[in-house]
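What follows is the residue order along each chain.
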Amino acid sequence: MQQRGLRRGLLSILGGLILWEVLTRLLLEDELLIPPPTSVARSLWKLSFAGELNRHLYATLFEFACGFSTACAVGIFLGYLMGRYRWFDELMDPWIATLYSIPVIAFVPLIIIWFGIGLFSKIVVVFKITAVAIMLNTAAGIKNIDPVWLELSRSMRLSPWETTAKIRLPAALPYIITGMRLGVGRALLGVIVAELMAANEGLGYLLREASETWDSPKLFVTVVLLAAMGMGSFGLIKKGEQRLAPWRESAEW
Amino acid sequence: MAGPVLEIRNLTKEVPTGNQEPFVIFKNISLIVKEGEFVSIVGPSGCGKTTLLRVINGLLSPSSGQIYIDGKEQTGAGKDLVMGFVFQGASLLPWRTSVKNVLLGLEGKKNSGEAEEIARFYLSLVGLSGFEHHYPHQLSGGMQQRVNLARALAVDPRILLMDEPFAALDAQTRTFMQLELLRIWSQTKKTVIFITHMISEAILLSDRVIVFSHRPGRVRSEFAVPLARPRSLDIKSDRRFVELENVVWKQIEEEVRAAREGSPI
Ligand SMILES: Nc1ncnc2c1ncn2[C@@H]1O[C@H](COP(=O)(O)OP(=O)(O)OP(=O)(O)O)[C@@H](O)[C@H]1O
Ligand SMILES: [Mg+2]
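Protein sequence lines correspond, in order, to chains A and B. Here my numbering is used: the first residue of the first sequence is 1012, the next is one more, and so on. Here my numbering is used: the first residue of the second sequence is 22, the next is one more, and so on.
Please note that a few of the clues may not be correct.
Computed from the model, here is a short list of chain B residues facing chain A with C-beta under 10 angstroms [unchecked claim]:
id, residue
1, V26
2, D101
3, E128
4, G129
5, A173
6, L182
The following label-pair restraints were derived from C-beta to C-beta distances [stated by the list, open to error]:
id, chain 1, residue 1, chain 2, residue 2, range
7, A, A1238, B, D177, 26 to 34 angstroms
8, B, F142, A, G1016, 40 to 48 angstroms
9, B, K257, A, G1016, 37 to 45 angstroms
10, B, P251, A, E1173, 34 to 42 angstroms
11, A, Q1253, B, F142, 30 to 38 angstroms
12, B, S82, A, A1239, 55 to 63 angstroms
13, A, F1073, B, G151, 42 to 50 angstroms
14, A, G1026, B, S150, 34 to 42 angstroms
Sample of chain A residues facing chain B (criterion: CB under 7 angstroms; computed from the structure) [as the list claims (entries may be wrong)]:
id, residue
15, N1155
16, V1159
17, R1165
18, M1167
19, R1168
20, W1172
21, L1180
22, P1181
These are calculated hints, taken from the structure and not from any lab test. A virtual CB, placed ideally from N, CA and C, is assigned to each residue, including glycine.
Just chain A, same shape as in the assembly (with noise of 0.2 angstroms):
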């Protein structure tokens, strides 16, 4: 059944790349436009040979794991207290608000001001980005947590420690997923925009480089692997998904 499906998909795919391919060899005589699908392998064989491509592969994800671990770790961390302590809640409420509604762009330049054009800027929107999802999500998951569960816990003399290890945190675990997924598109689109503005790496950085030189084919190919780290990322949280809450029969995407 599920081979199937991926069969066909790979299917639909080669097909949409002999179309193009064939298309643009028929239709444009510039390749400057849109380089024909073989362009952009030839392209991508040369800059990973090049090892170019390495690095700046390199350096984005390592940005991104950095901001995303830290968001997480940070997220959860505070996002707890919010849900078991309400005074905690509404002395962070105002500056998750504010963190939440200035826009990216306006935020990057301002960052880039104050921790300059390296990793440690990248990791700071990075944070800003998935943080705050992540944290909602952390204080719905414990504030909405089956009191049965508690009454349980007390029942079984737990102490708060266990409480907290045992019921609270495995309890919230699919809304700190939840939380987690809906920030991994968003921080790797904040990590892009951080390079494309500066950087003196990264893929972000290749866009801006092959877009200044008119380098259509270069451009395709950071794209495409662009996509690619976005379904990666997306496939590795389902995956872990599957791996930490295995009572979840199935996510819903």
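Please build the complex by placing chain B with the ligands on the supplied structure of chain A, with the hints as guidance.
Quick look at chain B with the ligands alone, frame taken from chain A:
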């Protein structure tokens, strides 16, 4: 001969309502439960049965009155796990497998090998060998209640508190679970307080049936069940069974009627 396992003296539970009169859930309840006794409590809905179990378990504090377990007065939820609680609704943790659910009360109190052995023993006692690694959603309602029972038994409690454990099951499964409980009880010899709405269930299982009045709940009457053990479904047609069922039913009917006159249910 040692004293009773559980003694309750003049227990009252009220909750403040904002205006003058507090809301009285149950009033002046006194009860003595002997070692190894199986006691059922029946009564109209809302008469405070669940609340009473919560107070006994230390999850709520009484407004007045005392609770003694093995002669020791209980004040709040003590550190020791002397009671096992089977809840009214589904209370298995969905992120834990059967064996992990049963382990909940054992973790940190025993070394992990020993704890796991105990958990597996109780799962097999309730007839769930082979289902150790199933998650609750992979089990039927009856099986889930078996896990609940195993979890409550695994901590080797002095008293087992069961709050309508079979209420959500279909009639067939329920009857089967009643027989299973008879078997498990005869093997573990636990002291049990069992709450139910089903009079025949109370009589089939218990040594003693206690009838509560409508809210505020009080002990209206109590009956020793004059039927020998081991019991099977056959006793349901025993004349004494039927008579007792009728008497208890009449009393509960009166209570429900009285409750309706007092206030809407
Ligand atoms: N914390 C509370 N505050 C106010 N009222 C409460 C509280 N806890 C219980 N009650 C009320 O006390 C009454 C008894 O509740 P309880 O759940 O103990 O009844 P019960 O006998 O178990 O009913 P059922 O048979 O339907 O399970 C109910 O009217 C309930 O609304
Ligand atoms: Mg109840």
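| Hint check against the structure, violated hint numbers in rising order | 1, 7, 9, 14, 15, 20, 21
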